[in-house]
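Asks: From first to last, the protein sequence lines are chains A and B. Each residue of the first sequence is one higher than the one before, counting from 1 in full-length UniProt numbering. Each residue of the second sequence is one higher than the one before, counting from 1 in full-length UniProt numbering.
The set of hints was computed from the structure by calculation and includes no laboratory data. All of these numbers come straight from a predicted model, not from anything done at the bench. It is possible that some hints are incorrect.
A few chain B residues that face chain A, going by a derived Cβ cut-off under 10 Å, partial list only [claimed, not checked]:
| # | residue |
| --- | --- |
| 1 | Gly32 |
| 2 | Phe42 |
| 3 | Pro46 |
| 4 | Lys50 |
| 5 | Phe69 |
| 6 | Tyr124 |
Below, simulated DSS-like cross-link-like pairs (lysine-lysine); rule was C-alpha separation at most 27 Å, straight line [to be verified]:
| # | chain 1 | residue 1 | chain 2 | residue 2 |
| --- | --- | --- | --- | --- |
| 7 | B | Lys400 | B | Lys121 |
| 8 | A | Lys50 | B | Lys54 |
| 9 | B | Lys26 | A | Lys121 |
| 10 | B | Lys50 | A | Lys50 |
No residue lacks a Cβ here, since even glycine has one placed at the ideal position from N, Cα and C.
The residues making up each chain are set out below.
2 protein chains.
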Amino acid sequence: MVTRLSNFFLRTLREDPADAEVTSHKLLVRAGYIRRAAPGIFTWLPLGLKVKAKIEAIIRDEMANAGAFEVHFPALLPRDPYEQSGRWTSYGDGIFRLQDRRGADYLLAPTHEEMFTLLVKDLYSSYKDLPLTIYQIQDKYRDEARPRAGLLRGREFTMKDAYSFDYTDEGQDASYQAQRDAYERIYQRLGLEYVIVAADNGLMGGARSEEFLHPTSVGEDTFVRSAGGYAANVEAFTTVVPEALPFDGLGAPVIFDSPDTPTIQTLVDHSNAHLDAPAPGIAGPATDGAGEWTAAHTLKNVVLALTHLDGTRELVIVGIPGDRDVDDKRAEVAFAPAAVEAATAEDFAANPLLVKGYIGPWSETGAILGEESATGIRYLLDPRVVDGTAWVTGANIDQKHVHTLVAGRDFAGDGFVEVANVRPGDPAPDGSGPVELARGMEIGHVFQLGRFFAETLGLKVLDENGKLVTVTMGSYGIGVTRILANLAELNNDDKGLVWPAAVAPFDVHVVAAGRDAAAFEVAAQLSADLEAAGLDVLYDDRPKVSPGVKFGDAELVGVPKIVIVGRGAADGQVELWDRRSGDREVVPVGEVVARLRG
Amino acid sequence: MVTRLSNFFLRTLREDPADAEVTSHKLLVRAGYIRRAAPGIFTWLPLGLKVKAKIEAIIRDEMANAGAFEVHFPALLPRDPYEQSGRWTSYGDGIFRLQDRRGADYLLAPTHEEMFTLLVKDLYSSYKDLPLTIYQIQDKYRDEARPRAGLLRGREFTMKDAYSFDYTDEGQDASYQAQRDAYERIYQRLGLEYVIVAADNGLMGGARSEEFLHPTSVGEDTFVRSAGGYAANVEAFTTVVPEALPFDGLGAPVIFDSPDTPTIQTLVDHSNAHLDAPAPGIAGPATDGAGEWTAAHTLKNVVLALTHLDGTRELVIVGIPGDRDVDDKRAEVAFAPAAVEAATAEDFAANPLLVKGYIGPWSETGAILGEESATGIRYLLDPRVVDGTAWVTGANIDQKHVHTLVAGRDFAGDGFVEVANVRPGDPAPDGSGPVELARGMEIGHVFQLGRFFAETLGLKVLDENGKLVTVTMGSYGIGVTRILANLAELNNDDKGLVWPAAVAPFDVHVVAAGRDAAAFEVAAQLSADLEAAGLDVLYDDRPKVSPGVKFGDAELVGVPKIVIVGRGAADGQVELWDRRSGDREVVPVGEVVARLRG
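Pulled out of the complex, with its shape left as it was, chain A reads as follows:
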C-alpha cells in the first residue's frame, strides 16, 4: 500500500505538548501518533494505531504459538462478580464505578479475573477440558490518582491479559512456563530489553510470580540484581538472615541521657561525643570495628498504622537497623491487604507509653514492646535483629536512650517483617553475591494465582476419580499501550522517533525532495514498485513543502528506512537513508526495491 502524505491524516508539531513529562509522550504527540483527550486518556491517530496493531499482531501470534485462545470481555461489567471476590470494595478509589438507568451498579473493569473464572465455570466441568489458556487484548480502566507519563500510566489503556486453568499444580507449572516462554519471544521480537525479576506473589496463594521489567531510568519500579543472576523487585527481595551471636561478654543495658536526639543522626552524633566507643563486633550487625558509633548500631522503631479490610485500625511498630528506612512498597506488600500509613499525632496521644523519638522495646520496669508488651502493640523486627545483636535504641523516657540492649536477652519481637529498604551491596538471598539496584518499567507479569478466584467463585471440575477439585489459575499480563510507549522511550534521538522494523508504522518513507516534476515522477514510480514488492510505503508527495521540512518530518515520524528522491533522480540516483545510523548512501533507483525488500 502507498499512503500519500499530501492527503494522509497527519500533522506533526514543532513544540512539545505542555503536559508531557517523558520523552515517549512528547514524541508520540509531536510526531502525530496520539493526542490527549482527557487526563490519562488518549486518542489514537493513524500512525499510532498502526504501531499498536503491529504490537498486537506479534502478541496474538505468540499467544497462538503458546496454544492460547482469544476471547473478549466487556469493559462495562456488573458489580456482582467483583462483590463476590471482594474487589468491588478493595479497589477503593482506583476504579470507575457507575450506575445504569435502573440504578444497578457497574464498573469499568481494571482487570477481569472474576469474568475469566466465571466464564470457564459456566462452560467447563471436567478435568478433560483442561488445561486451558485464554486471553484477550482489551481496553481497561483505572482511575489513577495522578495520570501522567503519557501512555506509561493512563486511565484507559490496552492490555493483553491471559489466564490459565489447570487442575493440578504440575499442569499449572507447565501452563505458566508456556506463557513465560511466549513473553520472552514477544519481547525479543519487539527488540525490547527485559529482565525477569522475582515478584511478590501477593495474597492469592499462588507459588510463582515474576515480572518482566524493561530497564529504564524513567521506570517507576526499583529492582535488585546480582552479578550472579539473581533478580527481584524490591517487594520480593528477602533478607539474608545473619547467624545469631553469643550473649557471652555482653554487659547489661545502660540507660544514658541523650538530650535532643529524636533522630538517628542526632543520636549517633551524641553517642560519639558522650559514650565510650563501641566494642568491636558486639553491637549491631553492621559493625566494622572502626570505633565509631554509626546508624547501623541503632535500632529505629517506627510506628505504622494499618487499616484492615474490615475498616479496623491497628498500630504496629517495626524495629529496623537505624541505617535503613521503611520502604513504602515493601511495607505495602508486607502488610497487604491492610493499607499502611504513618501513625498520626492522635495515635501517639492515645498511647502515652510511646515517647516519640525515644521509643524502644525495653524499659527499666519491663517490656514495652514485644513479648509481655506493656502497650499491647505488635512489634515486628527486621530479620537482621537476630539474637545476640546489641543495639542503641530508645529507653521510652524523653531524652533518654539505652545501649547494649541485646536481642533475645533483653527484648524480643512478636515476629519478623521485611519492610527495611534494600541497599546496594546487600547479599542476594540465593547466595549469588551482592546486589545492585536499578530502575525498570513493568512490561509484563506472569503470576500463579493459585486457587483464590476459583475457590471464591466456585470453579471446580471433576477429576479422573469423579471427585470435585478446585481449579488452579495463572495470570499473565502485558500492557500493550505501555509497551508502545516503552518502545518509543527506547528508540529515539534528538530528531525524533526511530522505530524497530517490526513495529514501524510503515516499511519505507519515500521523500520526493526535488523541486522539479522528475523527482515526483520517479518517487511515485518507486513507491508503486515498493508497494508491488509487498512493502507498506509512506510517500511524502507534498508539492510545496521544502525538502528540509520533509526531512525533519521523516526524522520525527521515525520510519526506519527513508528514500530521498531529489536532484539526482533525473540521473537515476536516489539516496537510501538509514534512520537509526544516519547513514546515507547514493544508489541507482533500480536497486532500491532489492535493497529494501531485505
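With chain A fixed as given, assemble chain B onto it according to the hints.
Replies: Below, chain B without anything else, positioned relative to chain A:
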C-alpha cells in the same frame, strides 16, 4: 492453521438460552460464539471473535479503498465537548454517566461527533488539508431501556463510524458518495441484502440522509418502497398533496346529534344510520362514491403534548383523515427535538373548550382551532386536508358532530404536518407508483451532518481566499456487532448457523468420524494438507465423541465446508459436505485440497 476441537475453547449447548428472543441470539449462544455478561452486554468467545474480526477486516479494506484513515477515540470521555454540543443533556437517560475520583463528569460515548470535530479542529486549519475522511471501529455504549434481541440491540456494541470533512457542499457530496459506495461494496462482500432508503435528515441541517436496511421480519424499522424504485423509511416518507377542490355546490356545515360516538367507528356507523348518504366526490379525499360513509370522510383531531428542550410543555392538535392514525415515529421526527406524548386528562381539564371525543376546528360561534382559534392551541393538518375537501368532524359540543365542514372555507390550520401513518397503496412522492410496506433492520446510515457540529465547536478553515469558512461534515455508521447478528439471522436453518465463506470462523471443518485409528490419522494428515494450502481448519479430533454428536456440532457451528473422514478413510474415501445445500459427496481424499482451495 489447524485448530483441534479437543483442546479448543468451545462448548456447544443443547438448549436455547432462556433470555433469547431472536434466532441470532439463540444460535450464537448455543453454538459458542457469545455469552451474556449482563443485560445487553456480551463476552466474545473465540468463534465469535473470529467472525467479528473478518467483518472488521472487510470494513477496513473498503474504508482504505474509499481513502479513509483509521483513528481510535476513547470510550471514556469528559463531559465538556458533549456539554458544548448540548448532547450531555439531550441524551437523557440514554447514556452512561460517571465521575472520576476528583468528581469530574465523564460519559461512555454513544457516538463521537464532538470528538471527531475537535480532533480535526485541533490539527487542521486550511482548505488544503481537506477533504478528509477518518473512521474508527470502536466499542460504544448506550443505556438502552430494554436491551434485548441479543447483539441486535446491546448496551456495549461495536461500530464503525466515519466522518468526512469538506469546506464546500460539492466536496461534501463527493465524500458522501465515496462512503455510500463503500457501504454497498461492504454489504455485497458480506452477502447481506440491503435496501437504501431515504431517511429523515434530522436537525443537523444536512441535505442527504440515507439508511441501509436489511429486509427482515425481525427488523425494528418499517420502510416503504414502490415498484418504481422509491424507498424511504416511514419517517422520511412525504405525502403526495392532492389538488385543491372547488367550493362550488357545497352546502353549509350541518351540526347533527351523534350520541355515544367518541370513536371514528361509532361515528361512521351513526352517520350511515342517520345521515343522508354522502354526495359522490364532495366529501373527504378518499371518497369512492359508493354511497356509504367511511372513516375516510371523517377528520380526526388528536391532541398531543410536546415537551420542548427548555422543558416547556405545549399542546398541539393534529387533524388527520379518520382512516389513518398518528404514527409515533413520524410524529417524533415531525416535532423533534420536542418529545411527543398523548395529552393527559389534566390537559383536557385545563382546556374546557376541548370536548373529548367531539373536538373539531369549528363551532357555531367561531373557530375553535386554527386561524382565529379560541383555544390558542396550534392546529396542524395532514397534507391531504386541502381546500375544498368536506369533512365529518367534532362540533365541540358533547354528543354532536358536524358534516360538510369544508377546509379553506369553514376552517384552516396553522400549518401542515406529516404525522399520519403510511399505508400500502399510498402514492410514492416521486411518482413511481403505489408503495408497499416492509420491515427492515438498520445496518448502516450515511448522513450529511452539514455544519451543525463544526459551527457549535468552532471548526473553521481558511479557504482559497484566506477567508474562514465553517467545515461541512458527513457521518457514516455501520454497526459491526449488529451486522454479525444480521448475518446469523439470515444464514441459519433448524440445525444451526450456515456462515457465508467471507465471514465463517474457519474455512473447513474436518470431522474424524470413524472409530478406528485410520480415520484419525487420515483426518489429521488432511487437516495439515489443508493448512498447507492456506486454509484455516477446524479439526474435530475428539477421541470419544460419537460421529452423531460431531455432526450436530458441525451443523450448529456452521462452517460452510465440512469434510467427514469416516469408515471410507481406510480406502482413501472421504465425504465433502456442503453445509448450506446439505449435499454430501464421496471423493478421494487426494482431491479434497484442490476441491476446497477453490
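Asks: All hints are to be evaluated individually against the structure, with a verdict given for each.
Replies: Against the structure, the hints come out as follows:
This hint holds: B:Gly32 has a C-beta 8 Å from the nearest C-beta of chain A, less than the 10 Å allowed. Annotation: B:Phe42 was flagged as interfacial toward chain A, and the flag holds, the nearest CB pair being 7 Å apart, inside 10 Å. The restraint placing B:Pro46 at the interface with chain A holds, with a minimum CB-CB distance near 5 Å, inside the 10 Å limit. For B:Lys50, the shortest C-beta to C-beta distance to chain A is roughly 8 Å, which falls under 10 Å, so the interface hint holds.
With 10 Å as the threshold, the beta carbon of B:Phe69 comes within range of chain A, its nearest partner Cβ sitting at about 4 Å, so the hint holds. Among the interface hints, the one on B:Tyr124 holds; its C-beta lies about 7 Å from the nearest C-beta in chain A, closer than the 10 Å criterion. Note on B:Lys400 and B:Lys121: the hinted pairing is violated, with a Cα-Cα distance of about 63 Å set against a maximum of 27 Å. Only pairs whose Cα atoms come within 27 Å are accepted, and A:Lys50 paired with B:Lys54 is accepted, the gap being roughly 18 Å.
Annotation: proposed proximity of B:Lys26 to A:Lys121 holds, straight-line Cα distance about 20 Å (limit 27 Å). Restraint check: the Cα-Cα separation between B:Lys50 and A:Lys50 comes to about 20 Å, which is no more than 27 Å; the hinted pair holds.
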